[in-house]
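Asks: For the record, the sequence lines run as chains Y and X.
Counting from 0, one number per residue, gives the positions in the first sequence under numbering that gives the first Met the number 0.
Counting from 0, one number per residue, gives the positions in the second sequence under numbering that gives the first Met the number 0.
Watch out, some of these pointers could steer you wrong.
Once the Cα atoms are required to be at most 20 Å apart in a straight line, the calculated EDC-like pairs of lysine to aspartate or glutamate come out as [unchecked claim]:
| # | chain 1 | residue 1 | chain 2 | residue 2 |
| --- | --- | --- | --- | --- |
| 1 | Y | 392 | X | 78 |
| 2 | X | 220 | X | 164 |
| 3 | Y | 397 | Y | 330 |
| 4 | Y | 432 | X | 78 |
| 5 | Y | 255 | Y | 567 |
| 6 | X | 220 | X | 231 |
| 7 | X | 220 | X | 337 |
| 8 | Y | 331 | Y | 494 |
| 9 | Y | 404 | X | 78 |
Simulated from the structure, these hints should not be mistaken for laboratory data.
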Amino acid sequence: MKRYVRPLAALLLMALAALVVSACGSSGSGSSGNSGSGNSGGSTSTSSGGGKSAGGTVQMVMGVFPDSLDPQFGYTTQSAEATWISYTGLTTYQHANGTAGATVIPGLATALPVVTDGGKTYTVTLRKGLKYSNGAPVKASDFTFSFERAVKLPWGGSGQFMTPVVVGAAAYAKGKAKTISGIQANNATGKIVIHLTAPYGAFDNVLAEPALGLIPTGSAPFKNDPLHPPPGCGPYMIKNVVANKSFDVDKNPYWKPLPGIPAGHDNVDVTVNSNVSSNAEQVLNNSADIFDWADSIPGSLLPQIQAKASSRYKLINLGGSTYYFFMNSQEKPFNNQLAREAVVTGLNETAYSRLGGGTLAPACFFLPPAIPGHPSGSCPYGTPGTGNLAKAKALLKKSGEEGAKVTVWTEERVPRLQWGTAYTQYLNQLGFKAQQKEIADATYFQTIGELKLHPQTGFADWNQDFPDPVDFYGVLLDGHAILQTNNENFGEVNDPKINAAVSKLGQVPVTQLQKDSSQWQKIDEYVAKKAYVAVFGYQKFPFFASDRMNYPALKVNPLYGWDFTSFELK
Amino acid sequence: MSTSSPRETAGTELTLDLESGALEEGLDLGPGASPWRLAWRRLRRNHTALFFGLVFLLIVVLCLLAPVYSHDIAHRSPDVGNITGTVKVGGKTKDIVSATGIPIGPTWDFSKFFLGADSNGRDTAVRLLYGGRNSLLIGAEATVLTMVIAVVLGLIAGYFRGMIDGVISRCMDILWAIPALLLGITLGTMIAVGGIGPIKGDHLWIPSIVIGVVYIPYVAKPIRGQVLQLRERDFIDAARQQGLSHTRIMFGEILPNLSSTIVVFIPLILANAILLEAGLSYLGVGVQAPAPSWGNMISQGLQFIPAAFSDVLSPGIMLVLAVLSMNLFGDGVRDALDPRSKIRIDH
Chain Y
0 MKRYVRPLAA LLLMALAALV VSACGSSGSG SSGNSGSGNS GGSTSTSSGG GKSAGGTVQM
60 VMGVFPDSLD PQFGYTTQSA EATWISYTGL TTYQHANGTA GATVIPGLAT ALPVVTDGGK
120 TYTVTLRKGL KYSNGAPVKA SDFTFSFERA VKLPWGGSGQ FMTPVVVGAA AYAKGKAKTI
180 SGIQANNATG KIVIHLTAPY GAFDNVLAEP ALGLIPTGSA PFKNDPLHPP PGCGPYMIKN
240 VVANKSFDVD KNPYWKPLPG IPAGHDNVDV TVNSNVSSNA EQVLNNSADI FDWADSIPGS
300 LLPQIQAKAS SRYKLINLGG STYYFFMNSQ EKPFNNQLAR EAVVTGLNET AYSRLGGGTL
360 APACFFLPPA IPGHPSGSCP YGTPGTGNLA KAKALLKKSG EEGAKVTVWT EERVPRLQWG
420 TAYTQYLNQL GFKAQQKEIA DATYFQTIGE LKLHPQTGFA DWNQDFPDPV DFYGVLLDGH
480 AILQTNNENF GEVNDPKINA AVSKLGQVPV TQLQKDSSQW QKIDEYVAKK AYVAVFGYQK
540 FPFFASDRMN YPALKVNPLY GWDFTSFELK
Chain X
0 MSTSSPRETA GTELTLDLES GALEEGLDLG PGASPWRLAW RRLRRNHTAL FFGLVFLLIV
60 VLCLLAPVYS HDIAHRSPDV GNITGTVKVG GKTKDIVSAT GIPIGPTWDF SKFFLGADSN
120 GRDTAVRLLY GGRNSLLIGA EATVLTMVIA VVLGLIAGYF RGMIDGVISR CMDILWAIPA
180 LLLGITLGTM IAVGGIGPIK GDHLWIPSIV IGVVYIPYVA KPIRGQVLQL RERDFIDAAR
240 QQGLSHTRIM FGEILPNLSS TIVVFIPLIL ANAILLEAGL SYLGVGVQAP APSWGNMISQ
300 GLQFIPAAFS DVLSPGIMLV LAVLSMNLFG DGVRDALDPR SKIRIDH
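Generate the whole structure from the sequences, applying the supplied hints.
Replies: Set out below in structure tokens:
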């Protein structure tokens, strides 16, 4: 009898241990980074961390580390939510909830740009007495430095918003000029004059991008420096960056509130943990204060959150995000339109919504509802949420691409990994030979943004930089915006009709967009028909905070999510 | 009582030391009983080891029958999910994956998601068995790789000694100094991206190779120690004097005497290899999705606790059972073959 006791006891103990470990869950997951996410704003993913309570400091938990905290390079939502309040541009956005938060206001300039010369010349004057977070004075020529740096690195939006738009920027980008001739800055008067190659309707919004947030001339090298963000001029400053782990967003001691741009109340310590379930539990249990809005709360926790914390949890449809699978229109098999149509025809968007915890509204059009030009008609390949697999298989057979090998690129964190897995399974069901390739979240978009990789298909998302269709088309689907590195047009779409529309309609000022929205609608319907992308939904985002926060005072910006200047501990 | 010496020609495997306790109660040696027969008798009397050996065998058989279960009973393949489908359980229609992404729990009906579904609507029981196949296969391949390379290296190092031994032993020391999991993660991450030669990074051979390499020093060093002892024996001198080549001496004379040690190591390495594979797959550097393995099933299921326990519990229990049973069986084999042996795998 004695002989059996020890092994049986060991067996029972191990089973009990397995139960206890399972019940408690665990934290962290592999992948360094284990994902980056969302483009922008994109979201990024990252690593570990646990919340810690500290009086006077807001503890924020993020699922993925920003792709870069260098303002002239970062282009994911995690980067933008820290940089837009640390690096103010000549213009910026109102610190308000809802659509008011997308209103452009003067930033470091005394007023919105004066536009002359048929929309081709923008003139602003820098406010006097501004200082950076290191105490250095802000000069007009710093704008030129910041602009040139964003072109050189390059920032992901530069290919659409900067290089072809400003006179001399293209020559500078190619190394044919030492400076950008279209920008004149006078340090004595503070006057900055910017000459455009052609009228560009959204240029006021472009000036508000964190990438054009001013930094001191010479304060940063002409390469991405993700861990050593330069000084900036804004309510906050970024410090103590530990790669894939944490960073601090502290109040800028040299910031004096400007009209429409308040100072911050409390410092913010951001800890990164790729286990978003653990992050949500920390906020639920008040051991962390803010759950990053670009992460998804697992469906398994929603009943608890709704029962215990409904007064500090909201799911908000910002209306400006699209989640989709890109398909490389220059590479087999997706250079074949029938193959792309097959994918879109059989895609069951409801499945992806469920995988996303029910926070995704099934969709088929590229422009989301908050963007002028979003079509209201029916989808060309069936109602979103159904998916006709039989018809899709027939289309694929007709295309002759059955059996084609496909690599599906995906991030590692929930639910993006599940979306990637479901999409891979679906492509195999359709008749492709698909394999999944998971990339760490923090480096996902940089990896698939390397043009030489020519990724065939994979997950992508986009959250509006500003409420203008050119922000979507100009960066993601315009052939002119394709970059060698940090490319955002992952599908390498280069359609003359789209290129021409972006060029023409991009000249329309944001204030007059509604007038031309029908033309954007036609382009969006065209893109849906050509199946350049397989859209699967528009995301609603969780705004979840601890009991320590003054929740009613918290602001949600439609472009950048959490407004750190509204963070206030009770 | 005296110790009988091994036969001087090839084929003698064990030194039979009667003083060590080979005279067990009821163990009738009989005239000319071979050491293997003695060992088998000892093992047969160790009911615990036999029981757990059978448990492991049962797990292997179940996993090998994964295609049968998948095709004929569950009617679901391991890779195809049904996220928006429904299933009838006890007369009620339930979503396989709910609108908020919670997968269905165990239905205890073999044909309808016996252990429930995972977050992608795939049958957990089917994936458990296929995952077991992958985990066990990788464990077995890694074990074979470890044993072959380690025995060869241990033989060469112990036989030739000198500089050859020095080089091999230092390499083994370097590998041994790095914790197995850390080394596995490093190698797995490096190789998973680009693969090795024609082998792609997501092929199942990659984790086998990684794990196989990690455990080489754990076997090579004890083997080397035994070879150092054996090479001083008279029968090796006699073999040299007969003019046998080094290779013939190593593989014809010394290797057979190592067979009991090798046999003892196999189940221990196998258990550790299965465990390491689970750890690497959990961390994302072992078996790559969508291929199932117990480790990556646990990793993916963690996000859905407490709503969907079975996604984590079932692969966890299988892993515990497999490793525990192989460890206990391995202990029994070691006790049967050489009760004085101190062979362990220390991390």
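Asks: Could you work out which of the previously given hints the structure breaks and list their numbers from low to high?
Replies: none
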